[in-house]
Amino acid sequence: GAVVSQHPSWVICKSGTSVKIECRSLDFQATTMFWYRQFPKQSLMLMATSNEGSKATYEQGVEKDKFLINHASLTLSTLTVTSAHPEDSSFYICSASRRVDRVRRETQYFGPGTRLLVL
Amino acid sequence: KQEVTQIPAALSVPEGENLVLNCSFTDSAIYNLQWFRQDPGKGLTSLLLIQSSQREQTSGRLNASLDKSSGRSTLYIAASQPGDSATYLCAVSAGAQKLVFGQGTRLTINP
Chain A
340 GAVVSQHPSW VICKSGTSVK IECRSLDFQA TTMFWYRQFP KQSLMLMATS
390 NEGSKATYEQ GVEKDKFLIN HASLTLSTLT VTSAHPEDSS FYICSASRRV
440 DRVRRETQYF GPGTRLLVL
Chain B
-6 KQEVTQIPAA LSVPEGENLV LNCSFTDSAI YNLQWFRQDP GKGLTSLLLI
44 QSSQREQTSG RLNASLDKSS GRSTLYIAAS QPGDSATYLC AVSAGAQKLV
94 FGQGTRLTIN P
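In order, the protein sequence lines correspond to chains A and B.
Quick note, my numbering runs 339 ahead of the 1-based positions in the first sequence.
Quick note: the second sequence, position 27, residue 20 per my numbering, numbers continuous.
Quick caveat, the hints were computed from the structure, so don't treat them as lab data.
Treat the numbers as computed from the prediction; the structure is a model and nothing was measured.
The beta carbon of each residue, even a glycine, is placed where N, CA and C say it ideally should be.
Each hint should be verified, as a subset may be incorrect.
As the list claims (entries may be wrong) - Okay, the calculated beta carbon distance ranges per label pair:
#1 A:Lys353 to B:Gly9: 47 to 55 Å
#2 A:Leu407 to B:Arg54: 37 to 45 Å
#3 B:Asn103 to A:Ser422: 31 to 39 Å
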């Protein structure tokens, strides 16, 4: 259980186009979803946190108009990179949070990632 | 601002050796600490999660310890195997489920 999928797994696009990445929790309802970005040989950096039905909370330095997040349901969140440029090329990973016990502790389950290359 | 540092950045050892990966964090007010494994071009696999009230967690050949007061954690891998080769990431949670990751340690186990 607790599987998170991402689609597509990789995408190549021309500069100026928009790219949508989907993140789905396959067998559980996620209270919260997170989007991370990872540049080559660097660690994951949190971009934004989203809850179903509400606006995403973006980390400092992340442009909300550039990276549009839609959390349409408890099992689906999408990240749209608008007007992508080569510097947006990166590995994007989502995670979904699930309550694991009565004490309200939650753990994050990570998707396999989406590699974006903007030419 | 929480900062997480992992040492060493890369490690190469012969198969069969026991090894230790280190993680340090600047703010001891954490909710929990996790160790993840990441294979090249892949997502993350959670290995061990230590709650702030715990001192260690074990899973098979892996043992993770946490010393919150000193801001340190170690991941001990016993009897290393070539299949253990991967990047190991340490992450701390300071509430609101936000994870702050270290840069990772790239581990290579040589047959």
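Subject >> Hint check for Gly9 of chain B and Lys353 of chain A - Cβ pair distance inside 47 to 55 Å >> reply: 49 Å, holds
Original post:
Does the hinted range 31 to 39 Å hold for Asn103 of chain B and Ser422 of chain A at CB?
Top reply: 45 Å, violated
Subject >> Leu407 of chain A versus Arg54 of chain B beta-carbon gap, inside 37 to 45 Å or not >> reply: 43 Å, holds
In summary, the structure is inconsistent with hint 3 from the numbered list given earlier, while agreeing with all the others.
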